[in-house]
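Peer 1: Please take these sequences and the hints and turn them into a complete structure.
Number of protein chains: 2
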Amino acid sequence: MAWVAEARQGQARAGWLHTAHGTVPTPTFMPVGTKATVKAMTADAVRATGAGVVLGNTYHLMLRPGAERVAALGGLHKVMDWPGPILTDSGGFQVMSLGALRKLDEDGVTFRSHIDGSPHRLTPESSTAIQHDLDADITMAFDECPALPAPKAVLEASMERSMRWAARSRKAFKARPGYGQFGIVQGGTDRELRLRSIKALVAIGFEGYAIGGLAVGEPQAEMFATLDYTAPALPEDKPRYLMGVGTPDDMLGAVMRGVDMFDCVMPSRAGRTARAYTERGALNLRNARFKDDPRPLSPYEPSPLNRYSRAYLHHLFRTDEILGPMLLTWHNLAYYQRLMRLIRAHVVAGDLEGFAAFLRAQWALGDWGRAEWDGRPDELRF
Amino acid sequence: MAWVAEARQGQARAGWLHTAHGTVPTPTFMPVGTKATVKAMTADAVRATGAGVVLGNTYHLMLRPGAERVAALGGLHKVMDWPGPILTDSGGFQVMSLGALRKLDEDGVTFRSHIDGSPHRLTPESSTAIQHDLDADITMAFDECPALPAPKAVLEASMERSMRWAARSRKAFKARPGYGQFGIVQGGTDRELRLRSIKALVAIGFEGYAIGGLAVGEPQAEMFATLDYTAPALPEDKPRYLMGVGTPDDMLGAVMRGVDMFDCVMPSRAGRTARAYTERGALNLRNARFKDDPRPLSPYEPSPLNRYSRAYLHHLFRTDEILGPMLLTWHNLAYYQRLMRLIRAHVVAGDLEGFAAFLRAQWALGDWGRAEWDGRPDELRF
Numbered sequence: 001m002a003w004v005a006e007a008r009q010g011q012a013r014a015g016w017l018h019t020a021h022g023t024v025p026t027p028t029f030m031p032v033g034t035k036a037t038v039k040a041m042t043a044d045a046v047r048a049t050g051a052g053v054v055l056g057n058t059y060h061l062m063l064r065p066g067a068e069r070v071a072a073l074g075g076l077h078k079v080m081d082w083p084g085p086i087l088t089d090s091g092g093f094q095v096m097s098l099g100a101l102r103k104l105d106e107d108g109v110t111f112r113s114h115i116d117g118s119p120h121r122l123t124p125e126s127s128t129a130i131q132h133d134l135d136a137d138i139t140m141a142f143d144e145c146p147a148l149p150a151p152k153a154v155l156e157a158s159m160e161r162s163m164r165w166a167a168r169s170r171k172a173f174k175a176r177p178g179y180g181q182f183g184i185v186q187g188g189t190d191r192e193l194r195l196r197s198i199k200a201l202v203a204i205g206f207e208g209y210a211i212g213g214l215a216v217g218e219p220q221a222e223m224f225a226t227l228d229y230t231a232p233a234l235p236e237d238k239p240r241y242l243m244g245v246g247t248p249d250d251m252l253g254a255v256m257r258g259v260d261m262f263d264c265v266m267p268s269r270a271g272r273t274a275r276a277y278t279e280r281g282a283l284n285l286r287n288a289r290f291k292d293d294p295r296p297l298s299p300y301e302p303s304p305l306n307r308y309s310r311a312y313l314h315h316l317f318r319t320d321e322i323l324g325p326m327l328l329t330w331h332n333l334a335y336y337q338r339l340m341r342l343i344r345a346h347v348v349a350g351d352l353e354g355f356a357a358f359l360r361a362q363w364a365l366g367d368w369g370r371a372e373w374d375g376r377p378d379e380l381r382f
Numbered sequence: 001m002a003w004v005a006e007a008r009q010g011q012a013r014a015g016w017l018h019t020a021h022g023t024v025p026t027p028t029f030m031p032v033g034t035k036a037t038v039k040a041m042t043a044d045a046v047r048a049t050g051a052g053v054v055l056g057n058t059y060h061l062m063l064r065p066g067a068e069r070v071a072a073l074g075g076l077h078k079v080m081d082w083p084g085p086i087l088t089d090s091g092g093f094q095v096m097s098l099g100a101l102r103k104l105d106e107d108g109v110t111f112r113s114h115i116d117g118s119p120h121r122l123t124p125e126s127s128t129a130i131q132h133d134l135d136a137d138i139t140m141a142f143d144e145c146p147a148l149p150a151p152k153a154v155l156e157a158s159m160e161r162s163m164r165w166a167a168r169s170r171k172a173f174k175a176r177p178g179y180g181q182f183g184i185v186q187g188g189t190d191r192e193l194r195l196r197s198i199k200a201l202v203a204i205g206f207e208g209y210a211i212g213g214l215a216v217g218e219p220q221a222e223m224f225a226t227l228d229y230t231a232p233a234l235p236e237d238k239p240r241y242l243m244g245v246g247t248p249d250d251m252l253g254a255v256m257r258g259v260d261m262f263d264c265v266m267p268s269r270a271g272r273t274a275r276a277y278t279e280r281g282a283l284n285l286r287n288a289r290f291k292d293d294p295r296p297l298s299p300y301e302p303s304p305l306n307r308y309s310r311a312y313l314h315h316l317f318r319t320d321e322i323l324g325p326m327l328l329t330w331h332n333l334a335y336y337q338r339l340m341r342l343i344r345a346h347v348v349a350g351d352l353e354g355f356a357a358f359l360r361a362q363w364a365l366g367d368w369g370r371a372e373w374d375g376r377p378d379e380l381r382f
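The listed protein sequences derive, respectively, from chains A and B.
The first sequence maps to residues 1 to 382 in UniProt numbering.
The second sequence maps to residues 1 to 382 in UniProt numbering.
Take these hints with a grain of salt, some might be off.
The list makes no distinction among identical chains, and a pair is therefore deemed to hold if it is satisfied within one copy or across any two copies.
[Claimed, not checked] With a straight-line cut-off of 25 Å between C-alpha atoms, the simulated DMTMM-like cross-links for lysine to aspartate or glutamate are:
| id | residue 1 | residue 2 |
| --- | --- | --- |
| 1 | K291 | D81 |
| 2 | K39 | D320 |
| 3 | K291 | D133 |
| 4 | K39 | D81 |
| 5 | K78 | D292 |
FYI, nobody ran anything at the bench for these hints, they're computed from the structure.
Peer 2: As structure tokens, this is what we get:
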């Protein structure tokens, strides 16, 4: 696995991520396929939105269908019909979220399945082995992610354990051409801890670096402030992945601070709850004002999605038809990919600052008025 | 609208149905798109299975989104992105099923919406006008469908009212090139009533004739016995539609008795409950024996559906992922269309009897064994 820069503007980077299952332009948004499916989408349709990498979740997949079963069936790519690269998380974050169902020790985490209460254990070694069985192009180091805010002593002890786990994860990882493993920077919103974490990870050496422990409820300004000193401290020649982020505005700000990769359930989850992301901000399709609106969601909607009127989408959600979540998930993922392609193009063109100002101004304007829509200049289309 | 025969074998007919929105080979199975969507499918995907006509339900569509709204949005074809022909039912059957919520009189039916209890009324005239607003290629006459079994006097009174309503429906229908209206034969399982009903409808004159009041819980043998005298009494040069039918075996038997058109929620509903129709009968994908089965559902599965293993489908249903219903609905509709294409080809070839025996023998065999699957002759593929 390798990441190659194509262009830089300020901290922002446009590059190419080469993996065993293909090359992906960065910055890139990775749709989340928790249980071996991006919810309400065929893999074909995900691909058609322009997605390069999809995510799988170790915690969910180890419970069902089971990593050995996935391996016997030919690996996660074959099982879920996704021929492109796959990134799997380590299970650490999700196991931590189990609360009373899990017990942490220096060696790893013992937990009970949220499905049937059966006992399981994850360690840096077993998490890495599971991700190997799943055939992940990008394996994540097993880490601990404390809730914010937390006292520095808690953040420090947790970060240091994560770094010991990172070293064990690295030792357990089987290097193969086109495959790679990312270490995860921890340390909360503490600059000194973040920089120590980076130093520890770089000493171990990974194919890429993730920024963990953000997007856990803190304000955007705090996340950006943390990125301001974290991202530039990471190796210049490796991909950088901000875990669990985010809104279009979050991603734009993070790219401008040097991040290359994102994942988030937001566009797919929003799609299932009638929320559509557009160039003019988010629309709630359950709103009665869409009842008779013959327009597609956006003048930029790619065919074949622009065949559907807002009125029809409103109807589908009002009648609880499965096609509603199907179409709106599709729309949101297509919007996220369109946004990342454009941001990348403007990094390459060297005018990202201007484009960012344009994007933010458009988001702030709110939905297109009917007159404005009908009179829209063609050059606004992309 | 016109129906043209291409070939006949015994009572079975292969033909072409010409409509304002395209020509469809018959016999044909029409997927049900109750609320302006075939559940869990895009219209594109329905089209790709080979479906020619889809069905819309007047009762559901008049309540939501409303027929006038559909008309203002450009008609049902445009709203649901289905460019092919659409058949709408009259609302009669569904209003009758409301039980205590409806009140029947000679002029029509007053009923309360099952959604919000609001009062509504359907008459032959209003049902026909609603179907006109929806832009249905095939409008159904408004009729009453009594539950079976029923005393002859009840069947007779109901049939005679339906015939008076058929005459009023016809009078309300606006003839346009490519559009047509079907009368509905009633009379339960009583031969004399069925023949009187046909006589009355033919005297009125329709572009096609439907056989109603069957598939309401009676044994298959009784349905077939009714078809044996009903279908041959219908005009030879008009299409014949058996409403609400059915299983693959029901449809095969009905084609052999002279039926050209079918609709049923079975393949789509089954798809949402993990039931898959195959050349070897139905499979329940929730069954644990599919947990590690790497095969597609059937060796005849059309690409791209054969990319998915039974193990993956089992996993999707076990984890309640939306993709499970999506893929299995797709599979079932594709199987139904494949079956109808083959039945039609064998009518044209003149060997339907032999093919029917082959189909029934295959259904009875049950799922393919692994050895049998691996050694299957290529000529079995279609």
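Peer 1: Hint by hint, note whether the structure agrees.
Peer 2: Going down the list of hints, with the structure as the test:
Taking CA atoms no more than 25 Å apart as the test, K291 paired with D81 passes between copies only; the shortest distance there is 17 Å, against 36 Å inside one copy. In the homo-oligomer, the alpha carbons of K39 and D320 lie at most 25 Å apart both inside one protomer (16 Å) and across protomers (10 Å), since each shortest distance falls under that limit. For the homomeric pair K291 and D133, the shortest alpha-carbon distance between copies (17 Å) is at most 25 Å, but the shortest distance inside one copy (48 Å) is not. With identical chains, the CA atoms of K39 and D81 are at most 25 Å apart both within one copy (14 Å) and between copies (23 Å).
Taking CA atoms no more than 25 Å apart as the test, K78 paired with D292 passes between copies only; the shortest distance there is 14 Å, against 43 Å inside one copy.
The structure meets every hint from the earlier list without exception.
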